[in-house]
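Novice: In case you want the letters, here they are:
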Amino acid sequence: MAENSESLGTVPEHERILQEIESTDTACVGPTLRSVYDDQPNAHKKFMEKLDACIRNHDKEIEKMCNFHHQGFVDAITELLKVRTDAEKLKVQVTDTNRRFQDAGKEVIVHTEDIIRCRIQQRNITTVVEKLQLCLPVLEMYSKLKEQMSAKRYYSALKTMEQLENVYFPWVSQYRFCQLMIENLPKLREDIKEISMSDLKDFLESIRKHSDKIGETAMKQAQHQKTFSVSLQKQNKMKFGKNMYINRDRIPEERNETVLKHSLEEEDENEEEILTVQDLVDFSPVYRCLHIYSVLGDEETFENYYRKQRKKQARLVLQPQSNMHETVDGYRRYFTQIVGFFVVEDHILHVTQGLVTRAYTDELWNMALSKIIAVLRAHSSYCTDPDLVLELKNLTVIFADTLQGYGFPVNRLFDLLFEIRDQYNETLLKKWAGVFRDIFEEDNYSPIPVVNEEEYKIVISKFPFQDPDLEKQSFPKKFPMSQSVPHIYIQVKEFIYASLKFSESLHRSSTEIDDMLRKSTNLLLTRTLSSCLLNLIRKPHIGLTELVQIIINTTHLEQACKYLEDFITNITNISQETVHTTRLYGLSTFKDARHAAEGEIYTKLNQKIDEFVQLADYDWTMSEPDGRASGYLMDLINFLRSIFQVFTHLPGKVAQTACMSACQHLSTSLMQMLLDSELKQISMGAVQQFNLDVIQCELFASSEPVPGFQGDTLQLAFIDLRQLLDLFMVWDWSTYLADYGQPASKYLRVNPNTALTLLEKMKDTSKKNNIFAQFRKNDRDKQKLIETVVKQLRSLVNGMSQHM
Amino acid sequence: MAKTYDYLFKLLLIGDSGVGKTCLLFRFSEDAFNTTFISTIGIDFKIRTIELDGKKIKLQIWDTAGQERFRTITTAYYRGAMGIMLVYDITNEKSFDNIKNWIRNIEEHASSDVERMILGNKCDMNDKRQVSKERGEKLAIDYGIKFLETSAKSSANVEEAFFTLARDIMTKLNRKMNDSNSAGAGGPVKITENRSKKTSFFRCSLL
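Here the protein sequences come in this chain order: H and Z. Its first residue numbered 908, the first sequence is counted upward by one per residue in my numbering. Its first residue numbered 3, the second sequence is counted upward by one per residue in my numbering.
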């Protein structure tokens, strides 16, 4: 090569290019060839020449090689020609062998095809088996799911669904049936939800229907526990706690109908059996439903629904019947429903996790408590029967104690009970007003007669009357008071008992109860009994007999008040040394009543006097008196004498005051007769007749119709009349006018105005007589004198006016 | 003071304790009834004005205690009575038997010309009756006086009883006045005398 190169005498550049062409790949020839053209303008011609030279060199070398190997080639061809013959022989042999093989192998081929078919089948079978082994568990689980759904084992069904979704479906998700299953699961879940919710609704309806029984049982337990000892209470609490324990892992798979587990008959037979709410109601629907919703991740929906429904039920339970206040059973049903409701809530609070919370139950209870208090306040105000109010108090206390035992605060209920207690006492006061009225209505207002020791002791046992003198008297004898006194005393004690009943179980101290009782008793005495007494005394048709006896009765009732104080002290078991902040004010009641009765006696007597005075039939122009006192006045005097004669049991001071009042009233009435503006003329004869009547009054006054008057005290009632009449009958004007204003005047009590009025009535008489007496000197002189005295009296009257 | 009535008649109620004297008076004067028995002590009275033949009559009716211990006091009022009602209780035979004693008391203490009347009270309690109406009537006939069964409770015959007695008193009074008139005859002086006599008679009657 080197030699060829030297002989051609090529350009070094073209040498390099040819080297590259020979060494590089075909793909990279382009750039190399382009470099040829990029070079000198005629470069490619020279390049072609060099290229042809390279070609001829290579051909020469090839020729040399062929010459060198020529002999070997010929030998080889000769051998090949020999082989040809051998080959032709071999070909015949192989064809024949092949033909024989073909004939012999035909059966083998047939068998082989069978084998191939079998192997394909086996492979297919294997594949199918593998696939099926993946699918079968899914189908089994789905079948199980269906079975669980049919058996209502929803929780297990949910578990199965979860396994299907998480474990089995990924293996077979490409299959159609699997898609169908996957699409069906949400529907099944919704079905489970709906069924569980339906169960829950049934449960809610059930506990609503059975709230009464639940509440009744709980309240009975609360009542029973009050009679147990402390240790027994502890024992019950432990038992109760044990019953409240729930093992969530053992939630029953079977769903029982939500019914009371104990029939009413069983209840009656086992009245003393202590039952828990779980013994009465099947709570499993709540537990199952809660778990199902938890598993489904929809716990909040369940909680919201449950709470919402229970709030609705609470409002229903808290809505009383419109006529609840009419019977104690109405209240009882109301209370038992409420207790039943909250006992269930408390149970669920303790056995579930978060379904209800303490905050939720407290909120619910506060709402309920406000409603309950409003309801009780409204309905109790309709009660007019104290026994019903008392029953309401007892029920309320049991109600409060029951719920307090479950942890609900009930202080506001006890506050309400104090309001109801005031109303209870008001109701009692009304009832006792009726009682007192009946007692007064039935009294015969005469001293109680007793004919033997037995009867005497009966009265003494009812009323604490102590009188050694009466005790020594022989039978038959009489107590000074009438039948109403022991009856009232007994009824006041009954009132105290009734008032005390309300305070039982209200958790108040004896001192507080004692004070409350005294306040109530004070109201009874100072308001109720006082009103009844005053109404009795002011009855239009009450007679002197009744009034006199009332005075005696109130005296003895007043003395008995200290025994009532002792009675209250004993009944509340407080120490005798305890200072009472409240004392009985009954004393003032009886004093006031006595004063009213006394006043009424004076009024009645004066009315009788007025009736007599209206019968007066004076002939005011008579010329000569009858010579005897007027008939009406004698009847009047005799009547008064009889009155004071028969009412010997009237207290001395009252009798004296009554007598004085009567005399003063009579005197005033007689004076009014003389001064009556409708009476125009009075004759001296009439004055003299009138004087006879006044003399009778004075005789009555001086006869001491009532013992105890000193000197002429009673006669002073008629002194004005006496001096006036003396002045006119004696015609002592010179003395009167001369001594007027002097303390020692005989006619000190004669009012000039009065004298003037009466004198003018007599002057009129004289004027009439004047016609006929023109010629009688004495009459003329008398007329002049009257005129003179009239003028002088008039000046006195005017003088008095100036001074005034 | 001007009189507000024409005549004053004084009546008296007597009889055993508890027969209903006060209740009869209460019914007549107040038209009311009180079921509770309250024993009258001593003497009491009520006034009611009625009209008879155009005249205003004031009836002053004295109610007496039936108990023995008040006999002295109540007897003092017999003399002034112009009419007396003897009351018994038809349910209490003893009170009926005692009417004879009460009549004897009247003859002893009352004016000889007093008008009388027997009343059988409580006739509403027929189921407890012990004295038949016939026996009451016979007793009254025997003494030549009027008889009525009454009931203060039901107000049966109460008005009738008092009006009957008042009318009888009025009749008797009118008869006396007529007798007095017929006795007089002649001139003005006699007329004056008659007036004086009438006035005097009237006043005596009141007394």
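For the record, the hints were derived by calculation from the structure and aren't laboratory data. Please note: incorrect hints may appear among the correct ones.
[Claimed, not checked] Derived CB-CB ranges, DEER-like:
1) H:K1511 to Z:F35: 34 to 40 angstroms
2) H:P1383 to Z:Q132: 22 to 28 angstroms
3) Z:S134 to H:E1333: 53 to 59 angstroms
4) H:D1633 to Z:D115: 36 to 42 angstroms
5) H:P1383 to Z:E95: 22 to 28 angstroms
Keep in mind that this is a model prediction, so the values were computed, not measured. Glycine included, each C-beta is placed from N, C-alpha and C at the ideal position.
Novice: For the hint 36 to 42 angstroms, verify it against the beta carbon of D1633 of chain H and that of D115 of chain Z.
Specialist: holds, 41 angstroms
Novice: Kindly confirm whether 53 to 59 angstroms is satisfied by the beta carbon distance between S134 of chain Z and E1333 of chain H.
Specialist: holds, 55 angstroms
Novice: K1511 of chain H and F35 of chain Z, beta-carbon distance inside 34 to 40 angstroms?
Specialist: violated, 20 angstroms
Novice: Check the following: the C-beta atoms of P1383 of chain H and E95 of chain Z are separated by a distance inside 22 to 28 angstroms.
Specialist: holds, 25 angstroms
Novice: I want to verify a distance hint. Is the separation of the beta carbons of P1383 of chain H and Q132 of chain Z within 22 to 28 angstroms?
Specialist: holds, 27 angstroms
Taken one by one, the earlier hints fail for this structure only at number 1.
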